[in-house]
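Protein chains: 2
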Amino acid sequence: MRYSSTSIEAAIEALSSLPTIGRKSAQRLALHLLRQPRERVEALAHALLDMKDQVILCGQCFNLTEQDPCTICSSPKRDKSVVCVVEEPSDLLAIERTNEYFGLYHVLHGSLNPLDGIGPDELKIRELLPRLNDSVREVILAMNPNTEGEVTTQYLMRIMKSLDVKVSRIARGIPIGSDLELADDATISRALQGRIQL
Amino acid sequence: MRYSSTSIEAAIEALSSLPTIGRKSAQRLALHLLRQPRERVEALAHALLDMKDQVILCGQCFNLTEQDPCTICSSPKRDKSVVCVVEEPSDLLAIERTNEYFGLYHVLHGSLNPLDGIGPDELKIRELLPRLNDSVREVILAMNPNTEGEVTTQYLMRIMKSLDVKVSRIARGIPIGSDLELADDATISRALQGRIQL
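Chains as they are written, first to last, in our numbering: chain A, 1149 to 1346; chain B, 1149 to 1346.
Bear in mind the hints are in silico, worked out from the structure with no lab data behind them. All clues given are correct.
Pairs count within a copy or across copies, as identical chains cannot be separated in the list.
In silico DSBU-like cross-links for lysine-lysine, where the CA-CA straight-line distance does not exceed 30 Å:
| no. | residue 1 | residue 2 |
| --- | --- | --- |
| 1 | K1225 | K1172 |
| 2 | K1172 | K1272 |
| 3 | K1172 | K1200 |
| 4 | K1309 | K1228 |
| 5 | K1272 | K1200 |
| 6 | K1314 | K1225 |
Using the sequences provided together with the hints, build the complete structure.
Below, the structure is given as structure tokens:
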């Protein structure tokens, strides 16, 4: 069933093209916006366009930024001898949140997925190697713990083999605050493999 | 943790002001939009503003429409002797979807909720009575099955008591396709009270 108003339908259509927003949610959002004063809808529309117009990728690490190089790459406080490779800007943010990592980043903007036609050229992989000059002593691979992340990790390890740089990957295991009983088999298996001698 | 880009933060802020969208979802949506071509973001922004500019309330039934009176009120095929009162435009849509109701509607745009300061004057209740002229023989109350809907139903029944019009309400009971076992006590109790002699 569709609204007789074509502009409501168009808005619902546009909203439901967003990830995780189905037709029902889109409908609810559209009706909510109709109840708001015009300024609120304007503010949302402009915020989205402004973001699109102002945000660029850092020419060094490919993080989202409004200035190039980004605040992390240009900070004198960051340790330029370590580069942490992540899939997405949101992963970078998750690591920054810990306040425990002070090196640089390299954002791939995805992970290798041959089935979906995502090869090395679709990611910022080619751009990683020239960064690994003499001043970089360690590359930390922080891909997501899934098949695509695993494939990407293996690929990066292979192409960095010949370089004189230490390559590490973040640990997998039982998440802190979780329950061993609740962890899936693959996680427990990884936790066992990655056991640390005390 | 926040993005160093203020325009990303502004977009996330605007998106998370929408109902059911928290900071995490807003972040995901913003990053998704950043990956889209500018035209896609423009299309979304314009669809929202166009909707806001073009949609008005029908002067008779207060449904959302781009023409006044709306297509339902102005249709010669609709039975003008029955008026179904609903809380929201989405409820009207849900009833239209059945293809079994051919009367008119009256959209209240909410339900009575004294705790939130929603009294009769905040809803389109005052506008209902003048519509109940001689040609209307039945008013169907189709409020939501919750406290506010119940209060609204009771209020409407009271103010329509003196009018020469049949007032009915939609049935409550076990939903079709559901399981008696899965229904909550209140629903089962209503289903028993509303039993129909065979």
